[in-house]
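S.K.: Take a look at the letters that make up each chain.
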Amino acid sequence: MAGKDEETVCVKEDLGVSELLAEATREYSTAFHNIVWDAQGKLRPSLMVLVNDEAVDKQNLPVLRDRDRVLLVPAIAGG
Amino acid sequence: MMRKDFPMFDMHITPVPLNDAEKDIYDWQMDVRGLGESGQEKLRGASALISRVGGLGGPLALELAAAGIGKLILAHAGNLKPGDLNRQILMTHDWLGKPRVECAARRLRELNPRLEIEAVNANIHEDNAAALVSKADLVFDCAPLFAERYLMNRECVRQGKPLVDCAMFELQGQVTTILPGKTACLACIYPEDPPGWKRKFPVLGAVSALAACVGTLEGIKLITGIGPALAGKMLYFDTRTMTFRTLPLQPRPDCPVCKTAHAKA
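These protein sequence lines map, in sequence, to chains A and B. Position 43 of the first sequence, counted from 1, bears residue number 43 in our numbering, the numbering being contiguous throughout. Position 12 of the second sequence, counted from 1, bears residue number 91 in our numbering, the numbering being contiguous throughout.
It is worth saying that the hints were derived from the structure and are not from the lab. All values reported here derive from a predicted model rather than from experimental measurement. One should not assume that every hint holds.
[Said to hold, decoys possible] Simulated DEER-style distance windows between Cβ atoms:
{"#": "1", "chain 1": "A", "residue 1": "S29", "chain 2": "B", "residue 2": "L164", "range": "27 to 33 angstroms"}
{"#": "2", "chain 1": "B", "residue 1": "P327", "chain 2": "A", "residue 2": "S18", "range": "18 to 24 angstroms"}
{"#": "3", "chain 1": "B", "residue 1": "S117", "chain 2": "A", "residue 2": "A39", "range": "53 to 59 angstroms"}
{"#": "4", "chain 1": "A", "residue 1": "G41", "chain 2": "B", "residue 2": "A226", "range": "23 to 29 angstroms"}
{"#": "5", "chain 1": "B", "residue 1": "R278", "chain 2": "A", "residue 2": "E6", "range": "48 to 54 angstroms"}
{"#": "6", "chain 1": "B", "residue 1": "A145", "chain 2": "A", "residue 2": "D66", "range": "45 to 51 angstroms"}
[To be verified] Selected chain B positions facing chain A (Cβ under 8 angstroms, derived; list incomplete):
{"#": "7", "residue": "P223"}
{"#": "8", "residue": "F225"}
{"#": "9", "residue": "R228"}
{"#": "10", "residue": "Q253"}
{"#": "11", "residue": "E271"}
{"#": "12", "residue": "P273"}
{"#": "13", "residue": "P327"}
{"#": "14", "residue": "Q329"}
Glycine included, every Cβ here is placed at the ideal spot set by N, Cα and C.
Could you build all of it, start to finish, from the sequences and the hints given here?
M.R.: Set out below in C-alpha cells:
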C-alpha cells in the first residue's frame, strides 16, 4: 500500500518506533502517511504495529534495539 | 491415549453417516491423520455461510464443496461483469450479465451434486446478517467492504459462531479465526476501517485463492478438530517477497463488540 515491501535502515541509538515512523513518513509517499497517521497526528487504529512479531501498545511505543524488526499491518478487506 | 494440545471449540455438529459412493469419493482425504471417516461425517453434517463468492469466497466455496461439507449458504449480490473474470473462478464467460451467485451454485453442484446450497442474491447487510449467520455452523468472511465484515463479526460474536476472516490486497493476505469469547474479534484487531479503503482494489486471483485455501483449512480444522486453528493469531503473508508470518492477536478489554462475550466465557 505504501509502495515498499521492506527496508533495512541504520538509525541512531535508542530511536523510538514513533520517531522511526515519523522519519519514514517524511521519506515515503502520501499513501504511507495516510495509512499510518490520522488527522490529529495519532497512529491509526486500523494499523497494527509489531516489533519482532509482537504487537506493541500504540500509546506507549517502545525504543528500538539493534536488529529489531518493525512490521506495519494495515487493515485490508479485499475479497 | 487421547491428547489435545490445542484449544478446541465445540461446534455441536451432528455427524451424517456416509454412503458407499461418498466413502469412495473421500477415500484419499480420509487418510489424512486425525480426519478419518468420523471427521468426514462431521464435514457432511456441517453448514457454512460464505459472504461473497468472488475472488476469495469462490475458491473457498469450491474447496469446501470438494472436501465434502454438507451445506453452503452463499451471499452475493449482483450480476457478472467482465472485470470479475480475472479471479472469480466459479464464474463462466457465458454467464456475463447474469447473477453471480447462481453461477457459483451451478459450478459447485457440478463438482458436488450432494451439496445443499442456499444461494442468496444479496450481500450481507443490517437486515439479513443475523438471519443468515443463524443458519450456519460457521461463517467465512470474504467481503470486500469493512461494513459487511464488521456486521458478520458482530453477529458471530453475538451468536457464538466461529468466524474465519480472510482478506487480501494486491499481493498480500491476512487470515484469522475468531472464536467468540476466546479470541480477539475483528473490532479488537481493527477498531475502525481505514478511511482510504476503496471498493476496487488491486488483485491477482492466485493471491485471493491462496487466502481462500488457508481459510478453507481453518474451517475444516474447526469442524473436524484435526489441528489448531489460527485462533488468537493472524497469518499475514506477502507473496511479493514470499514472507509468511503468524502474528499474535490480543482481545481489546474495551472492545464494544466482544467484551461481553469474554466476560461470559
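S.K.: Give a verdict on every hint.
M.R.: Do the hints match the structure? See the list:
Between S29/A and L164/B the CB atoms are about 31 angstroms apart, so this pair conforms to the stated range of 27 to 33 angstroms. Separated by about 21 angstroms at the C-beta atoms, P327/B and S18/A satisfy the suggested range of 18 to 24 angstroms. A hinted range of 53 to 59 angstroms holds for the C-beta pair S117/B and A39/A, which are about 55 angstroms apart. Checking the proposed 23 to 29 angstroms range against G41/A and A226/B shows it holds: the Cβ atoms sit about 27 angstroms from each other.
Checked against the hint of 48 to 54 angstroms, the pair R278/B and E6/A fails, with Cβ atoms roughly 28 angstroms apart. Between A145/B and D66/A the Cβ separation comes to about 48 angstroms, which falls inside the hinted range of 45 to 51 angstroms. Hint status for P223/B relative to chain A: holds, with the closest Cβ pair at about 4 angstroms, below 8 angstroms. Interface restraint check: F225/B against chain A, minimum CB-CB distance 5 angstroms, threshold 8 angstroms, status holds.
The restraint placing R228/B at the interface with chain A holds, with a minimum CB-CB distance near 6 angstroms, inside the 8 angstroms limit. Taking 8 angstroms as the C-beta contact cut-off toward chain A, the hint placing Q253/B at the interface holds, the least distance being around 6 angstroms. The beta carbon of E271/B comes within 5 angstroms of a beta carbon in chain A, closer than 8 angstroms, and the hint placing it at the interface holds. A cut of 8 angstroms between beta carbons decides the hint on P273/B: the least distance to chain A is about 4 angstroms, and the hint holds.
Of the supplied interface hints, the one on P327/B holds, with its beta-carbon coming within about 6 angstroms of a beta-carbon of chain A, less than 8 angstroms. At about 6 angstroms, the closest approach between the beta carbon of Q329/B and any beta carbon in chain A falls short of 8 angstroms, and the interface hint on this residue holds.
In summary, the one numbered hint that this structure violates is 5.
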